[in-house]
Amino acid sequence: MELLEIAENVYVTNGSTRIGVVADDDRQVAIVDAGLDDGSGKKLKVVLDRHGFALRSILITHAHADHFGAAAWLAESTGAKVYAHPLEKPIIECPILEPMYLFGGANPPRELRTKFYLAHGVKVNGDLIQSEGTNVPQEQAVPVRDGVVSEWDLEIVDLSGHTPGQVGVAVSGVLFCADAFIGRSVLEKHGIPLNMDIGAALDTCSRLQNQKHRVFVPSHGDVLEDVTEVVAQNRQRVLDVTGFIEEFVCSPKSIEDIIAAVCDRFNVRVKDLGMFYLMNLTVAAHVSYLMGQKRAFAAYRGNRQYISSSPTCRLKAIEDALTQ
Numbered sequence: 153m154e155l156l157e158i159a160e161n162v163y164v165t166n167g168s169t170r171i172g173v174v175a176d177d178d179r180q181v182a183i184v185d186a187g188l189d190d191g192s193g194k195k196l197k198v199v200l201d202r203h204g205f206a207l208r209s210i211l212i213t214h215a216h217a218d219h220f221g222a223a224a225w226l227a228e229s230t231g232a233k234v235y236a237h238p239l240e241k242p243i244i245e246c247p248i249l250e251p252m253y254l255f256g257g258a259n260p261p262r263e264l265r266t267k268f269y270l271a272h273g274v275k276v277n278g279d280l281i282q283s284e285g286t287n288v289p290q291e292q293a294v295p296v297r298d299g300v301v302s303e304w305d306l307e308i309v310d311l312s313g314h315t316p317g318q319v320g321v322a323v324s325g326v327l328f329c330a331d332a333f334i335g336r337s338v339l340e341k342h343g344i345p346l347n348m349d350i351g352a353a354l355d356t357c358s359r360l361q362n363q364k365h366r367v368f369v370p371s372h373g374d375v376l377e378d379v380t381e382v383v384a385q386n387r388q389r390v391l392d393v394t395g396f397i398e399e400f401v402c403s404p405k406s407i408e409d410i411i412a413a414v415c416d417r418f419n420v421r422v423k424d425l426g427m428f429y430l431m432n433l434t435v436a437a438h439v440s441y442l443m444g445q446k447r448a449f450a451a452y453r454g455n456r457q458y459i460s461s462s463p464t465c466r467l468k469a470i471e472d473a474l475t476q
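Residue numbers (our numbering): 153 to 476.
By construction, these hints were calculated from the structure, which means they are not laboratory data.
Watch out, some of these pointers could steer you wrong.
As the list claims (entries may be wrong) - In silico lysine-lysine, DSS-like type, Cα no more than 25 Å apart, as pairs: (1) Lys364 <-> Lys423; (2) Lys194 <-> Lys275; (3) Lys233 <-> Lys267; (4) Lys195 <-> Lys267; (5) Lys275 <-> Lys195; (6) Lys423 <-> Lys267; (7) Lys195 <-> Lys233; (8) Lys267 <-> Lys194; (9) Lys267 <-> Lys197; (10) Lys197 <-> Lys233; (11) Lys423 <-> Lys446; (12) Lys275 <-> Lys233; (13) Lys267 <-> Lys364; (14) Lys197 <-> Lys275; (15) Lys241 <-> Lys267.
Unchecked claim - Label pairs and their in silico Cβ distance ranges: (16) Ala384 <-> Lys275: 38 to 44 Å; (17) Arg456 <-> Gly191: 30 to 36 Å; (18) Ala412 <-> Gln445: 21 to 27 Å; (19) Gly191 <-> Lys364: 36 to 42 Å; (20) Asp176 <-> Glu263: 41 to 47 Å.
Only a predicted model underlies this, so the values are computations on that prediction, with no experimental measurement involved.
Don't be surprised by glycine CBs; every beta carbon is placed ideally from N, CA and C.
All chains should be built: construct the whole structure from the sequences, respecting the hints.
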């Protein structure tokens, strides 16, 4: 692991999940995300020590294991405080919730209890939220005013959609974008961006295209000076998936039918239980978005659920489908 300086006192790590490092003049640092596991945390600390940096704050952009899995080890070994959005905090402190929600709220099986879905929990010391447009008292807004985070003059940016409370961190002309978009090569490799809220993800894409920063750092992908094209590609892919599903359910289909068709269309290969439930979450988010816009509807026959884009003929269509 190495650090690349992208602005004065602002760095990013190399690797599959990028970690931001923001230093002050006394070489105290805040990091943006922590990495997957204890091993990632130990590698990061070696790098920070090599540069003479002392870790003070850990800012978690969202509650996925590859972003906060190393936070517990880093906090314990350095005394650093941990900050996250209130909607992400429960999972960071009780990480069994991540594989549990993936598995529909049930006790998750062994395959969803690996480090990629079940991280070590860590106490969250403060909230990462914007001071405007929230019902949170001003004194609780971020930058957290307890002498720990505020000294870096960080701006917290709403990047929800991938998760309900995902945030970005802006400092010195650099925006750490978390998983608000994925790089072009990652998009082509994985086919479909993972989002829990499609409407929020589309809004985030629009906001990103209006953000004025010198450098953009996605968690997975290349550091960029201009994100207009790649964000447009991410947004279009989301719209393409939604449009495909709406057309596919012109005759009623089950969620598993939709998952299979979406994966075939966008060159995704489901090869294990974890991948299936990530795709299940993503497809469900698109179906929810369509249902919210009254472009898709649920109906039930033979103890099965069907999704259809026909509001008036859906029950007859389902009956016809069942007799074929």
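Quick rundown of the hints versus the structure:
| no. | hint | result |
| --- | --- | --- |
| 1 | Lys364 <-> Lys423 | 40 Å, violated |
| 2 | Lys194 <-> Lys275 | 19 Å, holds |
| 3 | Lys233 <-> Lys267 | 22 Å, holds |
| 4 | Lys195 <-> Lys267 | 17 Å, holds |
| 5 | Lys275 <-> Lys195 | 22 Å, holds |
| 6 | Lys423 <-> Lys267 | 18 Å, holds |
| 7 | Lys195 <-> Lys233 | 19 Å, holds |
| 8 | Lys267 <-> Lys194 | 16 Å, holds |
| 9 | Lys267 <-> Lys197 | 20 Å, holds |
| 10 | Lys197 <-> Lys233 | 15 Å, holds |
| 11 | Lys423 <-> Lys446 | 33 Å, violated |
| 12 | Lys275 <-> Lys233 | 9 Å, holds |
| 13 | Lys267 <-> Lys364 | 36 Å, violated |
| 14 | Lys197 <-> Lys275 | 19 Å, holds |
| 15 | Lys241 <-> Lys267 | 18 Å, holds |
| 16 | Ala384 <-> Lys275: 38 to 44 Å | 39 Å, holds |
| 17 | Arg456 <-> Gly191: 30 to 36 Å | 44 Å, violated |
| 18 | Ala412 <-> Gln445: 21 to 27 Å | 24 Å, holds |
| 19 | Gly191 <-> Lys364: 36 to 42 Å | 37 Å, holds |
| 20 | Asp176 <-> Glu263: 41 to 47 Å | 43 Å, holds |
Hint compliance for this structure: hints 1, 11, 13, 17 are broken, all remaining hints hold.
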